[in-house]
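Peer 1: Numbers 17 to 427, taken from this note's numbering, label the letters of the sequence shown in order.
Keep in mind that the hints are not guaranteed to be accurate.
What the hints assert, rightly or not - When the alpha-carbon atoms are kept at most 30 Å apart in a straight line, the in silico DSSO-like pairs for lysine-lysine are as follows:
(1) K224 x K344
(2) K224 x K333
(3) K224 x K89
(4) K361 x K89
(5) K361 x K224
(6) K361 x K402
(7) K224 x K195
(8) K89 x K349
Claimed, not checked - Label-pair restraints from in silico Cβ distances:
(9) P407 x G374: 41 to 51 Å
(10) D174 x Y91: 51 to 61 Å
(11) Y91 x F262: 41 to 51 Å
(12) Y263 x S161: 17 to 27 Å
In case anyone wonders, no lab produced these hints; they're calculated from the structure.
Only a predicted model underlies this, so the values are computations on that prediction, with no experimental measurement involved.
The C-beta atom is built at its ideal place from N, Cα and C for all residues, glycine as well.
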Amino acid sequence: MSIPLKKIISTLSVLSAGSYLFTPAMAQPAPETEAAESSRWSFSAGALSRQFDGGEFRSGSRSGSVSLPSGSKEYTLSAGEAGAETGEVLRTYSDGFVGPDTAGTTSGSFFEGTTSRYGFENDSQAGGGTTLVFQGPLSGVETLSSGQSSQSGLAWSDDADAETGAILELTYRLTAPEKTVSILGQFSFLYSPLEISGGGSTFEAERKDTRNALSGTLTDTYQVPSGVILPLAPYSQSSENPPPGFYPRIMDEPTRSLAPESSTVSSTNISWFNEIDENVDADVFTFSFGPEIMIHVTEGAFLSLSAGAAMHLVDWKATHEETLYQSKNGGEKQAVTTWRDEAHKTDIVWGGFGQVAGGLTFGPDQEPARYFLQGFARWDVAEDLKGEVGPSEFTLNLDAFSAGAMAGFFF
Numbered sequence: 017m018s019i020p021l022k023k024i025i026s027t028l029s030v031l032s033a034g035s036y037l038f039t040p041a042m043a044q045p046a047p048e049t050e051a052a053e054s055s056r057w058s059f060s061a062g063a064l065s066r067q068f069d070g071g072e073f074r075s076g077s078r079s080g081s082v083s084l085p086s087g088s089k090e091y092t093l094s095a096g097e098a099g100a101e102t103g104e105v106l107r108t109y110s111d112g113f114v115g116p117d118t119a120g121t122t123s124g125s126f127f128e129g130t131t132s133r134y135g136f137e138n139d140s141q142a143g144g145g146t147t148l149v150f151q152g153p154l155s156g157v158e159t160l161s162s163g164q165s166s167q168s169g170l171a172w173s174d175d176a177d178a179e180t181g182a183i184l185e186l187t188y189r190l191t192a193p194e195k196t197v198s199i200l201g202q203f204s205f206l207y208s209p210l211e212i213s214g215g216g217s218t219f220e221a222e223r224k225d226t227r228n229a230l231s232g233t234l235t236d237t238y239q240v241p242s243g244v245i246l247p248l249a250p251y252s253q254s255s256e257n258p259p260p261g262f263y264p265r266i267m268d269e270p271t272r273s274l275a276p277e278s279s280t281v282s283s284t285n286i287s288w289f290n291e292i293d294e295n296v297d298a299d300v301f302t303f304s305f306g307p308e309i310m311i312h313v314t315e316g317a318f319l320s321l322s323a324g325a326a327m328h329l330v331d332w333k334a335t336h337e338e339t340l341y342q343s344k345n346g347g348e349k350q351a352v353t354t355w356r357d358e359a360h361k362t363d364i365v366w367g368g369f370g371q372v373a374g375g376l377t378f379g380p381d382q383e384p385a386r387y388f389l390q391g392f393a394r395w396d397v398a399e400d401l402k403g404e405v406g407p408s409e410f411t412l413n414l415d416a417f418s419a420g421a422m423a424g425f426f427f
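Based on the sequences and whatever the hints tell you, model everything.
Peer 2: Dropping the structure here:
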């Protein structure tokens, strides 16, 4: 909670004025033998338990700016011994072969672009006498990679734990010693630590790499020139230079069609994510001053009320640590890179306080009471402290509740 400084000062002024108006109405004769009433100064020290409201972070991140490795993409499809679709080369199929012969490769020849060097196994390959069809196996490899990433904001808060600290208090009595109600000026010094910690994740990315084996069938169709009658299967003429005679000829380059099939051989899922850990450690030194009303309830007991202004000297150190992790197929995470930032600064924060206390005075028998013990409860309100560390911003809420005990003496 943050209360404007003007409102704090106005409230403290009203409390201070009210303490002076309240004094005459409560004034009654009091024992004159007590040192607590004849001494103007008192000093006390003790321990306290102090709990601040805590703080919050608005976390920044560097993971989203990292260039993550991309997967490979490959597509290789081989026709094997069937070779290329174009060119005058020997092509071997599952059900036959076709290769060039001398007459078909001689430039200007009457048979140029045709060949008699071929063989086939089944009559069904001869499509109505106008084409000759061959088939062969396909083989290859295909690798695919796909991925996505997302980044989100992160804001977290932490309620600070109660911490043990110390308090010193010095007072000066402003009114006459014979009063049941005394007005004092109070100066206090308090010390206690403050710590908040937290974090989370802001970045996620995934990539899936898939490796497929390619198979299937290619079909090469050769045209049969008009007037050529194909022989019955099985047929084979494998010579590049056949002996004299008439052999049926076909065109020596095919028209090719492919029917590939794909089957997954392996897949790899890679994920990236970040983890952010943040922390603020602070030492809070509080200096406060203001009026105090002390009411002597009995000869050896008193109550007091005080309020005033407070200055908090906050020496803080903040850290931001962010680690980007990688995991394959849900396995153990491995750190890819880590960023660590630190910031250290001392700030002054203004506020106000209110305190209620009760105690007992005591001393050696037959002597004035010069010592006292008191317990107290204290409330502090203060402006928020804002800071930065690395890509993050934070706020410390210095409103606090304290309770403790002190021992002191009059002088």
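Peer 1: Determine whether the Cβ-Cβ distance between Y263 and S161 falls within the hinted range of 17 to 27 Å.
Peer 2: With a Cβ separation near 52 Å, Y263 and S161 fall outside 17 to 27 Å, so the hint is violated.
Peer 1: Holds or violated: are the alpha carbons of K224 and K89 at most 30 Å from each other?
Peer 2: 12 Å, holds
Peer 1: Checking one constraint from the list: CA of K361 to CA of K402, max 30 Å. Satisfied?
Peer 2: The given pair, whose Cα atoms are some 11 Å apart, holds under the 30 Å limit.
Peer 1: Straight-line Cα separation of K224 and K333 no greater than 30 Å?
Peer 2: Violated - the C-alpha atoms of K333 and K224 are around 42 Å apart, more than 30 Å.
Peer 1: Please test the hint of 41 to 51 Å on the beta carbon pair from Y91 and F262.
Peer 2: Given a distance of about 45 Å, which is inside 41 to 51 Å, the answer is holds.
Peer 1: Take the C-beta atom of D174 and the C-beta atom of Y91, compute their distance, and say whether it sits inside 51 to 61 Å.
Peer 2: The hint (51 to 61 Å, Cβ to Cβ) holds, given that D174 and Y91 are roughly 53 Å apart.
Peer 1: For a C-alpha distance cap of 30 Å, please report whether K361 and K89 respect it.
Peer 2: Judged against 30 Å, a Cα distance of about 51 Å means the pair is violated.
Peer 1: Please verify whether K89 and K349 have alpha carbons no more than 30 Å apart.
Peer 2: Since the Cα atoms of K89 and K349 sit roughly 25 Å apart, the hinted pair holds (cutoff 30 Å).
Peer 1: Taken at face value, is the distance from the CA of K224 to the CA of K361 at most 30 Å?
Peer 2: Given pair K361, K224 is violated - Cα atoms ~46 Å apart, limit 30 Å.
Peer 1: Taking 30 Å as the top limit, are the C-alpha atoms of K224 and K195 close enough?
Peer 2: Distance ~85 Å between K224 and K195 Cα, so the pair is violated.
Peer 1: Between P407 and G374, does the beta-carbon spacing fit 41 to 51 Å?
Peer 2: Roughly 49 Å apart at Cβ, these two residues keep to the hinted range, so it holds.
Peer 1: K224 and K344 were given as a pair; does the straight-line alpha-carbon distance stay at or below 30 Å?
Peer 2: 10 Å, holds
Against the hints set out earlier in the document, violations occur for numbers 2, 4, 5, 7, 12.
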